[in-house]
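Note that the protein sequences, when read in sequence, are chains A and B. In this text, residue positions in the first sequence follow my numbering: the first is 1, and each later residue adds one. In this text, residue positions in the second sequence follow my numbering: the first is 1, and each later residue adds one.
Hints are computed from structural coordinates only; laboratory data are not their basis. Errors might be hidden in some of the hints.
Remember, identical chains collapse to one label, so a pair may be satisfied in a single copy or spanning two.
As the list claims (entries may be wrong) - Below are the DSSO-like pairs computed for lysine-lysine, each with C-alpha atoms no more than 30 Å apart in a straight line: (1) Lys180 to Lys110; (2) Lys173 to Lys110; (3) Lys88 to Lys69; (4) Lys216 to Lys117.
Note that the structure is predicted; figures quoted are calculated from it, not measured.
Number of protein chains: 2
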Amino acid sequence: MISFSEENYLKAIFHLQRKFPAGVSTNALAEEMSTKASSVTDMVKKLSEKDLVNYKKYQGVKISKKGEKAAVEVVRKHRLWEVFLVEKLNFSWAEVHDVAEQLEHIQSEKLVLELDKFLGFPRKDPHGDPIPDTHGNFQPLEKVLLAEVEPGQQGLCVGVRDSSREFLEYLDKNKIALGKEIEVLEREEFDQSLLIKLEGEELHISNTIANNLFVKTI
Amino acid sequence: MISFSEENYLKAIFHLQRKFPAGVSTNALAEEMSTKASSVTDMVKKLSEKDLVNYKKYQGVKISKKGEKAAVEVVRKHRLWEVFLVEKLNFSWAEVHDVAEQLEHIQSEKLVLELDKFLGFPRKDPHGDPIPDTHGNFQPLEKVLLAEVEPGQQGLCVGVRDSSREFLEYLDKNKIALGKEIEVLEREEFDQSLLIKLEGEELHISNTIANNLFVKTI
DNA sequence: AATTATTTTTAGGCATGGCTAAAAATAAAG
DNA sequence: CTTTATTTTTAGCCATGCCTAAAAATAATT
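Go ahead and model the full structure; you've got the sequences and the hints to work with.
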């Protein structure tokens, strides 16, 4: 039996692992879960005892096969419910998240199977994220480095490659954040720097920056 | 903020109140909740402090206006979800209960409104019980126990008194379902068992069964 | 390499919702 | 109208999941 809280932690670890493949730190997890590091340590110990994660003191946490299976199942449910809410119940994509956060914990194998069927086996949720199938298989988001986007194309900011404080501070300072829409206007061939449009404003960014920012082309 | 547990207690008190209008006893509530009397006392105190019930020591508990509003809302959600599961997701009569028990606690006003609309504002759940409207109003069904129907009379199957998994599975097995027409042919006075006709077939059912099946006489 | 800063863990507490066992109140029986 | 039986409450304990404050380990600086 995996509790709501445990499921939420597994989901967070699963997501953070993309960013921190070497192991998710206690602090990072605490921030993601909006809780304190000490609470995270407690929970991570419990998850470790249930073999849902691999954990060694002071060395962060990595999800186990068993934990990943559980996390993917929660993700599958979350995204299927998002499709349901948007397509059948007229929710806007901004409204779905909180409700899907609750619905993802409902336990019933039949429910998930039938919901999937009812929705016509959708492969993407309303945000464009892939929905895992019954076996937990799903192709990761086709994200691409901003540096590889051709002028004229647009992208949705979906992640960073470098997650150093400096880089994140640079992004903050320039109002570049997850979910923001970016249009590449020009590429300067001499230094591979880009002229982009972000929220109506034009901005010049170096190749170094563009090489560390992931977008999903749209 | 009303917790899952509190909602479940309110729902149980609300239901038991029909049987015990003078006040629901601690033991009756404990049995309904499959817990111990001492746990019930604790919870009832808490509900009383929140003005969701009226409680005086050793004198049982009665639901308050505020508590009834909350209980009816949970009942509304439970029954709407049951309709959804049966009509849209191919759940059988027997399968819906456990899942609806979970879904009834999801908090989102919009969700309930839109679900209601999506289902076409149903007035009865799959067991024949009425679904409260947005304001908590619902008309009780004029239903009678099959055990009280005289030989020669016919009835439309509209609901069950016992909604345990075992009973519902028994009904499924014998093809007894909502909307089915039943004619009482004979009553055996010795054990009060009935011979009925269901879809042209004769069927012998015990008094126990007849005492848990509601019909609307026609 | 030694000191300082940061991260992580431990220790001890709190609220929720459950439990058992014993005490108190009410109901039933003699 | 006592005595016995039943019901209900209290008292004290347990697990979950969170917290704060202090200690321990690791990372960063000088």
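Here is what the structure says about each hint:
1. Lys180 to Lys110: Between copies, since 26 Å is at most 30 Å while 34 Å is not.
2. Lys173 to Lys110: Cα proximity of Lys173 and Lys110: across copies only (20 Å, versus 38 Å in one copy).
3. Lys88 to Lys69: Both, since 28 Å and 28 Å are each at most 30 Å.
4. Lys216 to Lys117: Within one copy only: 27 Å inside a chain, 35 Å across chains, cut-off 30 Å.
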